[in-house]
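K.L.:
Sequence:
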Amino acid sequence: MKNVTMKQLMILERILLEINTKYKFQLEFSDAYNLYKFLKDIGSVTNYMFLLQDEFREQNDNIEDLKEYHNKLMNAEVDFNEESENIIYFINLIVKFLDKEELTELVNKLKFW
14 MKNVTMKQLM
24 ILERILLEIN
34 TKYKFQLEFS
44 DAYNLYKFLK
54 DIGSVTNYMF
64 LLQDEFREQN
74 DNIEDLKEYH
84 NKLMNAEVDF
94 NEESENIIYF
104 INLIVKFLDK
114 EELTELVNKL
124 KFW
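This note's numbering applies: residue 14 is where the sequence shown begins, and numbers increase by one.
Simulated from the structure, these hints should not be mistaken for lab results. Check the hints yourself; a few may be wrong.
Unchecked claim - Straight line, CA to CA, 20 angstroms or less: simulated EDC-like cross-link-like pairs of lysine to aspartate or glutamate:
id, residue 1, residue 2
1, Lys-109, Glu-31
2, Lys-20, Glu-95
3, Lys-113, Glu-41
4, Lys-37, Glu-115
5, Lys-113, Asp-44
Claimed, not checked - Per label pair, the in silico range of CB-to-CB distance:
id, residue 1, residue 2, range
6, Asn-99, Asn-60, 18 to 26 angstroms
7, Ile-101, Asp-78, 16 to 24 angstroms
8, Gln-72, Glu-31, 28 to 36 angstroms
9, Glu-118, Lys-37, 35 to 43 angstroms
10, Arg-70, Lys-20, 13 to 21 angstroms
11, Glu-81, Ala-45, 34 to 42 angstroms
12, Thr-34, Gln-66, 20 to 28 angstroms
13, Asn-75, Tyr-46, 42 to 50 angstroms
14, Phe-38, Thr-59, 37 to 45 angstroms
Please read these numbers as outputs of a predicted model, since none were measured by experiment. Note that the Cβ used here is the ideal one computed from N, Cα and C, for glycine as well.
Based on the sequences and whatever the hints tell you, model everything.
P.N.:
Laid out in C-alpha cells, this is it:
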C-alpha cells in the first residue's frame with residue numbers, strides 16, 4: 014500500500030470521531046479502547062498539520078499563499094500505511110457490528126483505498 018494523504022487521514026479521523034461520538038458506549042471495552050488509540054494516533058498527525066497551518070498563517074497573511082499551503086498539506090503523503098490498514102479493518106468490523114446505515118455511508122468514502 015502506498016502512503017496516505019492528509020486528506021485521506023482526515024476522512025478516517027472523521028469516521029472514527031462519528032463512531033466515538035454516537036456509538037462508543039455500544040462497543041465492547043476492547044473496541045472502545047482501540048477506537049481511543051486510533052483517534053489518538055491520527056489526531057497527533059492531523060493536529061500537527063493544523064499547527065503548521067497556524068504557524069504559516071502567522072508568518073504570511075496572503076490568502077492565496079494560505080490556500081496554496083493548505084492544499085500542499087492536504088495532499089502531503091504520510092507514512093501511516095500499517096496504521097491506516099488496521100483502522101480501516103477496525104472501522105469495517107465496527108460498522109458490521111453496529112449495523113448502522115449512516116456509518117455504512119461514511120465507510121463508502123473509504124473506496125479510495
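K.L.:
Of the hints given before, which are not true for this structure?
P.N.:
7, 9, 14
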